[in-house]
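Student: So the chains spell out like this:
Number of protein chains: 2
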Amino acid sequence: MIRIAIDCMGGDHGLPVTVPAAVQVAAKFPDTCFLLVGLPDQVAAALKQARPANPAQFEIVAASEVVTMDDPVDMALRKKKDSSMRVAVTCVKEDRADACVSAGNTGAWMAISRYVLKTMDGIDRPAIAAAIPNQRGGTTTVLDLGANVDCSAEHLLEFAIMGAALSQSVEHIENPTIGLLNIGQEAIKGNDVVKEAAELLRASNLNFYGNVEGDDIFKGTTNVVVCDGFVGNVVLKSVEGLSKMIGSMIRDEFMRNPFTMAAGLFARPVLNRFRNRVDSRNHNGAALLGLRGVVIKSHGSADIYAYTVALERAREAVASKLLEKTSSSVLQISQLIRSKNTESSA
Amino acid sequence: MIRIAIDCMGGDHGLPVTVPAAVQVAAKFPDTCFLLVGLPDQVAAALKQARPANPAQFEIVAASEVVTMDDPVDMALRKKKDSSMRVAVTCVKEDRADACVSAGNTGAWMAISRYVLKTMDGIDRPAIAAAIPNQRGGTTTVLDLGANVDCSAEHLLEFAIMGAALSQSVEHIENPTIGLLNIGQEAIKGNDVVKEAAELLRASNLNFYGNVEGDDIFKGTTNVVVCDGFVGNVVLKSVEGLSKMIGSMIRDEFMRNPFTMAAGLFARPVLNRFRNRVDSRNHNGAALLGLRGVVIKSHGSADIYAYTVALERAREAVASKLLEKTSSSVLQISQLIRSKNTESSA
Numbered sequence: 012m013i014r015i016a017i018d019c020m021g022g023d024h025g026l027p028v029t030v031p032a033a034v035q036v037a038a039k040f041p042d043t044c045f046l047l048v049g050l051p052d053q054v055a056a057a058l059k060q061a062r063p064a065n066p067a068q069f070e071i072v073a074a075s076e077v078v079t080m081d082d083p084v085d086m087a088l089r090k091k092k093d094s095s096m097r098v099a100v101t102c103v104k105e106d107r108a109d110a111c112v113s114a115g116n117t118g119a120w121m122a123i124s125r126y127v128l129k130t131m132d133g134i135d136r137p138a139i140a141a142a143i144p145n146q147r148g149g150t151t152t153v154l155d156l157g158a159n160v161d162c163s164a165e166h167l168l169e170f171a172i173m174g175a176a177l178s179q180s181v182e183h184i185e186n187p188t189i190g191l192l193n194i195g196q197e198a199i200k201g202n203d204v205v206k207e208a209a210e211l212l213r214a215s216n217l218n219f220y221g222n223v224e225g226d227d228i229f230k231g232t233t234n235v236v237v238c239d240g241f242v243g244n245v246v247l248k249s250v251e252g253l254s255k256m257i258g259s260m261i262r263d264e265f266m267r268n269p270f271t272m273a274a275g276l277f278a279r280p281v282l283n284r285f286r287n288r289v290d291s292r293n294h295n296g297a298a299l300l301g302l303r304g305v306v307i308k309s310h311g312s313a314d315i316y317a318y319t320v321a322l323e324r325a326r327e328a329v330a331s332k333l334l335e336k337t338s339s340s341v342l343q344i345s346q347l348i349r350s351k352n353t354e355s356s357a
Numbered sequence: 012m013i014r015i016a017i018d019c020m021g022g023d024h025g026l027p028v029t030v031p032a033a034v035q036v037a038a039k040f041p042d043t044c045f046l047l048v049g050l051p052d053q054v055a056a057a058l059k060q061a062r063p064a065n066p067a068q069f070e071i072v073a074a075s076e077v078v079t080m081d082d083p084v085d086m087a088l089r090k091k092k093d094s095s096m097r098v099a100v101t102c103v104k105e106d107r108a109d110a111c112v113s114a115g116n117t118g119a120w121m122a123i124s125r126y127v128l129k130t131m132d133g134i135d136r137p138a139i140a141a142a143i144p145n146q147r148g149g150t151t152t153v154l155d156l157g158a159n160v161d162c163s164a165e166h167l168l169e170f171a172i173m174g175a176a177l178s179q180s181v182e183h184i185e186n187p188t189i190g191l192l193n194i195g196q197e198a199i200k201g202n203d204v205v206k207e208a209a210e211l212l213r214a215s216n217l218n219f220y221g222n223v224e225g226d227d228i229f230k231g232t233t234n235v236v237v238c239d240g241f242v243g244n245v246v247l248k249s250v251e252g253l254s255k256m257i258g259s260m261i262r263d264e265f266m267r268n269p270f271t272m273a274a275g276l277f278a279r280p281v282l283n284r285f286r287n288r289v290d291s292r293n294h295n296g297a298a299l300l301g302l303r304g305v306v307i308k309s310h311g312s313a314d315i316y317a318y319t320v321a322l323e324r325a326r327e328a329v330a331s332k333l334l335e336k337t338s339s340s341v342l343q344i345s346q347l348i349r350s351k352n353t354e355s356s357a
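Chains R and L supply the protein sequences, listed in that same order. Counting in my numbering, the first sequence runs from 12 upward without gaps. Counting in my numbering, the second sequence runs from 12 upward without gaps.
Quick caveat, the hints were computed from the structure, so don't treat them as lab data.
Same chains, same names: a pair is fine if it fits in one copy or spans any two.
Here are the computed lysine-lysine pairs in the DSS-like style, where the Cα-Cα straight-line distance is at most 27 Å:
id : residue 1 : residue 2
1  : K200      : K91
2  : K39       : K336
3  : K230      : K255
4  : K90       : K200
5  : K200      : K255
6  : K200      : K92
7  : K104      : K129
8  : K91       : K104
9  : K129      : K200
10 : K332      : K39
11 : K332      : K129
12 : K206      : K351
13 : K332      : K104
Extracted from the complex, chain R is given alone in its bound form:
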């Protein structure tokens, strides 16, 4: 059985989204069971209402507190020791669950996960990775998306290792290509950290493509794109902002007058197909990588469908042995670097 702990209280919607989503995924995957963490009476009521096909796939785990979207990280970590977030991660720590999922406050979720689970051997900084749809019909795995604002070249190498392992296990790409986000493709471009990271990546056994630029994320030039968390977060938010603007402009234009509304009726099936292709819900579920456990972050505003996607990503990460792949990559690359250093000093 694959066991997933859910912070049922987290996110903009909480129980009305998290519990029905779990019930749907449980019906689809009989090999998966869920630890539903939260205020026990409320979770029980939500579970009853969602009518699980097989109640044996669910266990309610009590937590007496809830981390809100506005709680400062420090408050979430130090004052709310019995929060549904904390209890969900602890289920992974104590091997009651193989993965945990929350749609709550990203900063708090990262801080609590890191505090409870600790980082893997050989990983200094955990990172946040998400799959962004690209023009090839696939996705580009981009990290870090905001966990680390000041990164060294070694950190970028760690992100590459973790991103490759995620792409291998969850996206089933055999030997994923890695791009280093930069402001030009030439090796002389960029700041010192990026230049040094490129050297480390070239010396590693990863499938390093070279520098890529912002538009390569959408061209799908490489399977994985690595950047520091400041850049990654700004890119992610910019792209979300542009998508929203374009969506609302298309709606505006079709709602302008009776003629445009009639045109909209004709075009609706086509526009719906287009919307499905760019629907970010299909790629919900960022991975918090580098921790001693599978931790997934759902978008805060996720609806039931989007939340099922995040739960399935958590399931897939466990089934495809994300953690084992990451640690064996870290080990291989650190041995490789050590042996090169020994050669060069010999």
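For this one, chain R is given, so just place chain L on it according to the hints.
Tutor: Chain L in isolation, oriented as in the chain R frame:
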């Protein structure tokens, strides 16, 4: 008269775009004349073909070399001393022109402009600024878009001063609001440079709004958004990449089969209006700010229409006294900071 020097050879298309665009803008603005810089025979032929209404608005200025899109910056700067780029900037330096425009290689254009014109008093680093359309129907001025990969807090303050002056003069915004691009709105977010820049901005007499996130560029939360050139360039390219992907997906869906093509016919007027609203050609013409002269960079792939927009921006920057506004802001803010320092040390 407003006098604009054009590097007629620059860009993906060169003469067939630059010269007809100049002829169109000259017809619209009888107070404007153009120095057409390039290989003189070729420029003369292109001008003749474009049939200017008033040939007195044009002067051909000879240059014997051309900087290509792939020329390394160093080669463009040191080996091609009689390039059309270099001669166009020199027209500004020698006060034969009030502004210069090129669609060529950005790195070379910045390096040559900086070398020939030098930076303004009080400005350490020139920056590249562009207007990005936002949801309010206006534009957000974003800088730096790639001239500076490692910035200090003082550089970000300089960018804010220059961005505000550009927004005032070219966009006619009286007291533009300034946002500092960050990964959260709270003052505690971000790296040390950004935190320090926020303090400098708060201490200045600029209309500082506070931190903004990537999506605020498109929400139009502030008139100006300031960031370092690495982040700005990556955001710009990402946004271009996403726009292209969305455009090609919409086309794909409407071209799928005869039914969707018929729907596309009905929807075409609406989709065209939408396309006009997001058409990046309407905002062509990035400004290279902080130099002792007005320097505009057109997109390399600009067509005639897009190039006329860039020429009109150059004209507007001269007419609305961009340079004078920038230097007087720099002076005011440096006096303000000096007087605060005197107070605090007294």
